[in-house]
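Peer 1: Here's the letter readout for the chains.
Number of protein chains: 2
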Amino acid sequence: MRAVIMDAPGQIRVGDRDDPQIIDPTDAVIRITATCICGSDLWPYRGVEPADHLHMGHEYVGVVEETGSAVRAVKPGDYVVGSFVISCGECEICRSGYPSKCVHAEFVHAGIGTQAQKARIPFADGTLVATPGEPEDDLVPSLLAASDVLGTGWFAADAAEVGPGKTVAVVGDGAVGLMGVLAAKEMGAERIIAMSRHSDRQALAREFGATDIVEERGEAGVARIRELTDGLGAHSVIEAVGTQESFMQAIHSSRAGGHIGFVGVAHEGVALPMDEVFFAEVHLHGGPAPVRRYLPELIQKIWDREINPGKVFDLTLPLDEAAEGYAAMSERRATKVMLTL
Amino acid sequence: MRAVIMDAPGQIRVGDRDDPQIIDPTDAVIRITATCICGSDLWPYRGVEPADHLHMGHEYVGVVEETGSAVRAVKPGDYVVGSFVISCGECEICRSGYPSKCVHAEFVHAGIGTQAQKARIPFADGTLVATPGEPEDDLVPSLLAASDVLGTGWFAADAAEVGPGKTVAVVGDGAVGLMGVLAAKEMGAERIIAMSRHSDRQALAREFGATDIVEERGEAGVARIRELTDGLGAHSVIEAVGTQESFMQAIHSSRAGGHIGFVGVAHEGVALPMDEVFFAEVHLHGGPAPVRRYLPELIQKIWDREINPGKVFDLTLPLDEAAEGYAAMSERRATKVMLTL
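Residue numbers (full-length UniProt numbering), protein chains in the order written: chain A, 1 to 341; chain B, 1 to 341.
Everything labelled a hint here was simulated from the structure, so no lab data went into it. Just so it is clear, the structure is predicted and the values come from calculations on it, not from any experiment. Hints are not guaranteed to be accurate.
[Claimed, not checked] Quick list of in silico lysine to any residue cross-link-like pairs, SDA-like style, CA-CA up to 25 Å:
| # | chain 1 | residue 1 | chain 2 | residue 2 |
| --- | --- | --- | --- | --- |
| 1 | B | Lys301 | B | Glu136 |
| 2 | A | Lys166 | B | Glu90 |
| 3 | B | Lys166 | A | His104 |
| 4 | A | Lys166 | B | Ala105 |
| 5 | A | Lys166 | B | Gly97 |
| 6 | A | Lys166 | B | Gly89 |
[Unchecked claim] Chain B regions said to be covered by chain A (calculated; three or more residues, Cβ under 8 Å):
| # | region |
| --- | --- |
| 7 | 96-104 |
| 8 | 252-261 |
| 9 | 274-280 |
C-beta atoms are modelled at their ideal positions from N, C-alpha and C, and glycine is treated no differently.
With these hints in hand, go ahead and build the complete structure from the sequences.
Peer 2: This is the structure:
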């Protein structure tokens, strides 16, 4: 089969890999119909993380081709959306709502790779969710978004305890931050402040539900958030970047007793000064989003055309042109790139 | 009046200060009947924080002597317990349950000082809570504990979302950690693991409700917690120390999706590595405890003799012997010292 391979930082190739096979009875093999490039794929692309013949991709929708003997929840022919983390669905951690930390958890990007024609999905019952049927073409981008960026933005809003009457600040205007805006809107937030200095992303944020835009960053951005919230700060803050500056911006933008949901992947060296965090008296929760928890609800909202997260894709290319997709995202010519098969 | 003054690190004196007077109409002046020495008083005592003629003390019970014209909730003659943070009770932050971050917040230790015969308490209505009547002598230590250590341990357990069926790990066996054990027991925790290597504190922890004792610290302590929790970690962790080691011990002792309530005052330099925190996927909440939120409930439990947090005091001295009380706590000859008037 054809698959995206990163031979080295910056070197993307679409080459041949063996077709995946059922190995364990809980496996499914799916034929991928759409996949995409994630902001986190840019870390190895830019050499921030190592890259040596990596099989890329962890976001996917597709059709089940074959299932192992123990698979019950999906069957060949089903159209499915899956999470970017494999989860069994049965362990105590899965049942408590954290499939992203399943005792059998495995990151799809680490070895499986869904920027490919097919993929073997372990623990299919606990990882995949079937859609109500074959989706209309225009729903595919939104279903694909549910696999990671929508699910991640949704988790961030949930972790930030967004709800009716609340003011939400969103740090980060990438795909996940924009999905956080959409999630906050769906969860009934009264006011949604998107922090963005790019006019195209500002426009999309407004379309997704942002009521205010703050262009300033760092402490100037914090000062604007405080101005907009009677000096108190936001009830809920979504952190969707993962840098030292963005974490501090999030903490300083929250009111005392407020909630910060963080989903920007923090890299080594980002460290929270606990004397400041202590006296800020905020709540912090985040990590790899437990997307599987939200998939049934998100798929239904997409199916019912209540939300249109697929708008976050601003470039669509065939899988064979993946290299251009990586370049476009790395050079910020695109926010989020969909690859079709 | 007589009051404890720290002239310089390690130099405690009981000297004379002017009697406090009503200044604002929301003030009360109280005659203090009992006060105590806090672990945080040891920071300046040991020279970790500056000390230059400090008026010490922030925990107190006493009798209202005089009130300003705007005070409604307490009256002269009332026996009262107050929080270690002044709070108005009316601002949006107070009403949301965070009086410790009131927009008018003022730390009692910073200028007021309750290791003294009397104290002026600003925003008396929002800070003080009257007991149902004159307490029996044996209730006084417990009411005094409510002013800080009990309220702080209670907040830690609440922030850690302790509840029925949960396993709770308590990092720190000082007065606050022990109160965290008591709070966890009251909140219905199924299993309470106290991390302590001092036999007298272990005994008190067991009396307050600990079901297990872990003597190991650091990663060895974490390994024991994991052994006791099917490898998953505790649902709730109370952090009551405030050092880098104790924070990491708390994070590593929590299960994915678990809750950490932190109340150990973190000093400069303590910093959480966010790459680790991200993948731990825990909830974090803490800071100066909003004791005033809990005082009505805690006073009632003490009044009804449901709890006996006053047992945490293992040395009682007259105010005039405060210097010996500081020395005893600093040298770990006492866990918590009560000063009587």
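Peer 1: Is the Cα-Cα distance between Lys166 (chain A) and Ala105 (chain B) 25 Å or less?
Peer 2: holds (23 Å)
Peer 1: Compare the distance between the alpha carbons of Lys166 (chain B) and His104 (chain A) with 25 Å, and conclude whether the hinted pair is satisfied.
Peer 2: holds (23 Å)
Peer 1: Is the straight-line distance between the alpha-carbon of Lys166 (chain A) and that of Gly89 (chain B) 25 Å or less?
Peer 2: Distance of about 21 Å is within 25 Å: holds.
Peer 1: Three residues minimum, CB to CB under 8 Å: does the region 252-261 of chain B make the cut for coverage by chain A? Let me know.
Peer 2: With 3 residues close enough to chain A, the hint holds.
Peer 1: Please verify the coverage claim for the region 274-280 of chain B: does it have three or more residues whose C-beta sits within 8 Å of some C-beta in chain A?
Peer 2: Since three or more residues must qualify, the claim that chain A covers the region 274-280 of chain B holds, with 6 doing so at under 8 Å.
Peer 1: Are the Cα atoms of Lys166 (chain A) and Glu90 (chain B) separated by 25 Å or less?
Peer 2: It holds: about 19 Å lies between the C-alpha atoms, which stays within 25 Å.
Peer 1: Do three or more residues from the region 96-104 of chain B put their C-beta atoms closer than 8 Å to C-beta atoms of chain A?
Peer 2: holds (count 6)
Peer 1: Is Lys166 (chain A) within 25 Å of Gly97 (chain B), Cα to Cα?
Peer 2: holds (16 Å)
Peer 1: With the threshold set at 25 Å, check whether the alpha-carbon distance from Lys301 (chain B) to Glu136 (chain B) stays at or below it.
Peer 2: holds (14 Å)
Comparing the model with each earlier hint shows no violations; every hint is respected.
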